[in-house]
Amino acid sequence: MNHKATEPFVRITKRDEIAAWRGWLIRLTSLVLALAVCAVVIYVIVKLNPLKVYGAMWEGAFGSSKRSWVTLRDTMMMLCIGVGLAPAFKMRFWNIGAEGQILVGGIATAAVMIYCGNLMPTWALLLTSFVASCAAGALWGVVPAYFKARFKTNETLFTLMMNYVAIQLTSYCVALWENPYGSNTVGVINQQTKAGWFPPLFEQQYVLNVVLVMVLAVTMYVYLRYSKHGYEIAVVGESERTARYVGISVRRVIIRTMTISGAICGLAGFLAVSGASHTISTSTAGGRGFTAIIVAWLAKFNTFVMILIAALLVFLEKGAMQIASQYNLNDYASQMITGIILFFILGSEFFINYRLVFRGKKEAK
Amino acid sequence: MESDEAAVRMRDITKTFGSTIANDHVCLEIYRGEILSLLGENGSGKTTLMNMLSGIYYPDAGQIIVDGREVSIRSPKDAYDLRIGMIHQHFKLVDVLTAAENIILGMPAEGRLDMKVIDEKIREISSLYGFDVDPKQKVYDMSVSQKQTVEIVKVLYRGADILILDEPTAVLTPQETDKLFTVLRNMKNDGKAVVIITHKLHEVEEISDRVVVLRRGRFIGDVATKDTNAAEMTNMMVGRSVSLNIERPEPKDPQPRLLVTDLTVRDIDGVSKLSNVSFTANSGEILGVAGISGCGQKELLEAIAGLQPVESGSISYFDPNSGRQIELLGRTPHDICNMGVALSFVPEDRLGMGLVGNMDLSDNMMLRSFRCGKSVFTDRKKPHELAEHVVEELEVNTPGVSTPVRKLSGGNVQKVLVGREISSAPTVLMTAYAVRGLDINSSYTIYDLINRQKEAGVAVIFVGEDLDVLLELCDRILVLCGGQVSGIVPGRGADKRGVGMMMTRLGGEAAK
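Protein sequence lines correspond, in order, to chains A and B. Using this note's numbering, the first residue of the first sequence is number 20, and each one after it goes up by one. Using this note's numbering, the first residue of the second sequence is number 1045, and each one after it goes up by one.
Note that these hints are calculated values from the structure, not bench results. For glycine and all other residues, C-beta sits at the position ideal for the given N, C-alpha and C. Treat the hints with care, since some could be wrong.
Unchecked claim - Computed list of lysine-lysine pairs in DSS-like fashion (alpha-carbon distance at most 25 Å, straight line): (1) Lys1223(B) x Lys1540(B); (2) Lys247(A) x Lys1540(B); (3) Lys1342(B) x Lys1296(B); (4) Lys1342(B) x Lys247(A); (5) Lys33(A) x Lys1121(B); (6) Lys109(A) x Lys1165(B); (7) Lys33(A) x Lys1451(B); (8) Lys171(A) x Lys1342(B); (9) Lys1426(B) x Lys247(A); (10) Lys1451(B) x Lys319(A); (11) Lys109(A) x Lys1121(B).
To be verified - Quick list of simulated restraints, FRET-style, between CB atoms: (12) Met233(A) x Ser1063(B): 38 to 46 Å; (13) Phe369(A) x Asp1111(B): 51 to 59 Å; (14) Lys1426(B) x Met233(A): 31 to 39 Å; (15) Phe309(A) x His1378(B): 34 to 42 Å; (16) Phe309(A) x Asp1393(B): 34 to 42 Å; (17) Phe369(A) x Val1267(B): 40 to 48 Å.
Pulled out of the complex, with its shape left as it was, chain A reads as follows (with noise of 0.2 Å):
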């Protein structure tokens, strides 16, 4: 009869809120045991000195000052997108449809450089191109909004079918301006005259970029913030019931948040076609419109934590391509490293929201 009560082997209990450096240190410990895991995983399967891979990576996202500013013009260009996606996010509206509004903003601003380009001198050529690229994301962000507030309409489905429509209508303009003829792509856009071309500010290339995309960034953070919109947005994410009842206009917020959001990932198309490219394509988004989602709420929407989220997966990205050219290695082993990771990153929020106790250990008092 002397039944010894067992208890249970680990139990999952609830953390205190903790110290903000407690909670940076468990992220950087999960960063390093990510990479402990990736160094096993390169050994086993590649065979490869894993420190000389991490080299390699450093290299390809670092390794000549050519090479450093690519990755800030797409840590810019992912931030943008992720700074566009934030307000539509925090209203929890789940706008997946970044992809299409960045395709349909290139194909404004690639349509200005091609009609436009021998007729204005080249401010009025980004200008013309800033106010074409918002509008046609605006109107790709609007049209979902639009269904969901007067409709209640689910704007996951419809703005990822808003992608399909945007990658039709990009194969048509591609097929439409192709250059040279027959070759089935755009190639470089008005390659002698430049125009259209985001100009070198001190003499580097991607300055403006940098200055655009900050500027968004920090203009994105006091609006969510401090605005009287910005509470809106949020009140109608935490609860539309509570948006009704205090009289905020629920659809208006709706609309006029998703003008917000498109108009941004569009401006986001025209960075990579203006400011990057020079061309455009169906890849010209190239699956940053859903990457850039992982950045927003990685984030929860704070602009400036965004900075870092973009950097990290954009280092990820070129450090990969790297050693698959270096290494001779396919695609998947580097996708694997990224996706370690980003699986360690994700799995650190965890540890800091939970604690385990384990059989035998008695609480503190």
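On the provided structure of chain A, position chain B as indicated by the hints.
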């Protein structure tokens, strides 16, 4: 030896959630053939303690001994194996299934499922204890009290002989409560151990044999009900003596403030929620609204607040300053506010409607006032000051004004909400179930606040569920029955049974 008698013995149970100590070395015994009341204010750890018996939580320290044997209850299944069953405050039933299907849900069964045998067994249990349950009835067709019955039968069907009920009367009418108590007494006489968690003293006195009091997670006392009284139990529960009378000052110069005529509301499916409701709410007076839950109370308040589309009727507001008559029907909450109508509304769903759970106190204060001023930026200073003022004035127990309100206990959440709503100097104050789930202390704070508003000349509409409170607090009581006005009675001298009858039948006994 006494230890052999106890069905359950909990020893030095401790449970913490982060830095909050929910239970601090609590000891408790449960005996067969006895009804035990577990009494305590909100947040005193009653439910947590019982959740550890039913396998929802696992204690951090301490022992649980069932029938003289130390056990480890890791899941609700372990609890059922020890014949412990708990009826939770929020029912866990599948709406589209029948009573019988819900009862057997999740139980291991061999061979063919024979509903006839199951129905028979359910009827047997029902007749043994005096339940009224039809095994073939679908849950969505059931009243709240019937759903509760199904929950109890579900636990008995699984062979439980130690039953724990978490605030079972919170959702019942007085008549339904009487019925439940009869059933509980039958179970006790059958030798079952029954625990009811409650903070209502008159129920403790009426039903239980023994009462255990918890305060702030600590065990305070264990007394036989017959040896104690309401005042003593309150002292144990609150830690100091509290006056149990609700004040009711005479209304001063009541003037019509809100005139509702022939209000008819249908929901989106076209089901009538309110039909031809007419009444007047006067300034300096508390108008109580009584009724079984879901009889149109919510729709009535939301219609006045501009949140509920109305089919026909009118809602007129008499402006106390200009004497103008303003029609509120068809206006949005924003319009109503812009017309200078100072209408405050404390809704039933505090965190889902009145407040934003994830926002802090000071951001929640802003909900009503953030539009003020021409600036595109919000003014954070005034709400911050208001939050500090409310915390101080209403004794809100919070680490600070930058704590998310969802982390506060029920009573404190309500204080924050009521504090904000009365801060705008309303002329009409509507409250829906203002003290639901609140402990004695917080409840009396809220009654006090409402009375102060009344004395300041505010027209108060108080939707309540506890008839005792309505009868003590309100000047007039409007009784709703199925979306219609069953009658309006003066609060002074109203008879509880009479009002109870009016709740269940239009016009009450007279209409028989």
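We went through each hint and held it up to the structure:
1. Lys1223(B) x Lys1540(B): Roughly 16 Å between the alpha carbons, so the hint for Lys1223(B) and Lys1540(B) holds.
2. Lys247(A) x Lys1540(B): Between Lys247(A) and Lys1540(B) the Cα gap is close to 49 Å, so the pair fails against 25 Å, i.e. violated.
3. Lys1342(B) x Lys1296(B): violated (28 Å)
4. Lys1342(B) x Lys247(A): violated (30 Å)
5. Lys33(A) x Lys1121(B): holds (23 Å)
6. Lys109(A) x Lys1165(B): violated (52 Å)
7. Lys33(A) x Lys1451(B): holds (13 Å)
8. Lys171(A) x Lys1342(B): holds (24 Å)
9. Lys1426(B) x Lys247(A): holds (15 Å)
10. Lys1451(B) x Lys319(A): holds (20 Å)
11. Lys109(A) x Lys1121(B): violated (40 Å)
12. Met233(A) x Ser1063(B): 38 to 46 Å: holds (40 Å)
13. Phe369(A) x Asp1111(B): 51 to 59 Å: violated (39 Å)
14. Lys1426(B) x Met233(A): 31 to 39 Å: holds (32 Å)
15. Phe309(A) x His1378(B): 34 to 42 Å: holds (37 Å)
16. Phe309(A) x Asp1393(B): 34 to 42 Å: Since the Cβ atoms of Phe309(A) and Asp1393(B) sit about 35 Å apart, the hinted range of 34 to 42 Å holds.
17. Phe369(A) x Val1267(B): 40 to 48 Å: holds (45 Å)
Comparing the model with each earlier hint shows violations of hints 2, 3, 4, 6, 11 and 13; every other hint is respected.
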